[in-house]
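From first to last, the protein sequence lines are chains V and Y. Residue 190 in our numbering sits at position 190 of the first sequence; the count goes up by one each step and never skips. Residue 120 in our numbering sits at position 120 of the second sequence; the count goes up by one each step and never skips.
Note that these hints are calculated values from the structure, not bench results. Just so it is clear, the structure is predicted and the values come from calculations on it, not from any experiment. Where hints are given, some of them may not hold.
One side only, chain Y facing chain V, incomplete, derived with CB under 8 angstroms [unchecked claim]:
id, residue
1, Y32
2, L34
3, M38
4, R41
5, A127
6, K128
7, A152
8, T153
9, D163
10, Y164
11, S180
12, T188
13, R192
14, E194
Virtual Cβ for every residue (Gly too), placed ideally from N, Cα, C.
Chain by chain, the residues:
Protein chains: 2
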Amino acid sequence: MNNKGILTVVSGFSGAGKGTVMKKLMENYDNYALSISMTTRAPRTGETHGKEYFFSTREEFEQKIEAGQLLEYACYCDNYYGTPREYVEEQLAAGKDVILEIEIQGALKIKQQCPDCLLLFVTPPSAKELEKRLVGRGTETMEVISKRLSRATEESEGIEAYDYIVINDDLEACVKELHSIVQNAHNTVERRAEFIKEIREELKQFSKGAK
Amino acid sequence: MNNKGILTVVSGFSGAGKGTVMKKLMENYDNYALSISMTTRAPRTGETHGKEYFFSTREEFEQKIEAGQLLEYACYCDNYYGTPREYVEEQLAAGKDVILEIEIQGALKIKQQCPDCLLLFVTPPSAKELEKRLVGRGTETMEVISKRLSRATEESEGIEAYDYIVINDDLEACVKELHSIVQNAHNTVERRAEFIKEIREELKQFSKGAK
């Protein structure tokens, strides 16, 4: 059997409900590990090192960049954010399917580093529904909503780089679908190479024996 | 939504239980159509034209070959067997997911004709289990079992041409997995091209409107 986990990168429009989908996925199934980002920004109240983020100094972060220990990184508002390679690789080696939630630029960098990762794009069933969800939150000004919509328009240009579209219409159905995409990926011929080799060898022995 | 069906080619070792898996798949889900082969051999008692096979004369069959109306064909024991293109295309256009059970040479020809088809290979969990099933039938001589095992050894050389391995250990689990592979395939970015185009256009309209 193939015991190595699969790295799945999840992106999607702001308002697509990615956060809720991830939370539900972790609740419903126990074979997943969420990748934890590293950042140089200060922890906020209630945030724990190794849970929300790995917090690090600027020096430590830059050393990791130099040493190739980050799968990707970016700088926002003077702070670094990145994906530590070691944590992801440890979880994969332990057989966990690792989920990494990140925007498209990061997703493309991850794909370069890990060509056999899966890229999933979560989207509401329509742009109308996306707008409804953004407006429906009731917490955003029209200016923010407008910015998010034009951000989504930009993001939609990159969807072809992904492997699968996951439509979040019904939460449970969406989580089930995401799970089944990752689980099926374990059975591609590439990921089953070892099983194929074994059964082939075994068959050779048997057909010799039967002659 | 993507309403066109997906063509799935199913192969597997003799003794892997493909027949039972196909039957159960048809029973459990109503979105599938089984491809029907055309043959020049005479109908056996109880066989109906358009059910087990499309029966045809040699002339008719050869005309179809000439006209490119067969997705693949082969000649066994002086009789032609082939896959009529029209029936498959009609079912796909009607939104049915078409299942075509065929051995590897045929599968490779189908893939050439229909590059976006899915190739699945059904196998028991081990060669030991395959031998057990072949012996367990109790209807075959050791000579026949030995021939099947060396046939399986040959077939195992071609597995890398397939997209997915489907292990038939537990029948219900196997059918469910096969179903989920085909259903997930509807959500690849390639097959969702129309949805992506639509949501992109719609987003452009909205973000213009929101400005």
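- Violated hints - listed by number, lowest first: 1, 2, 3, 4, 14
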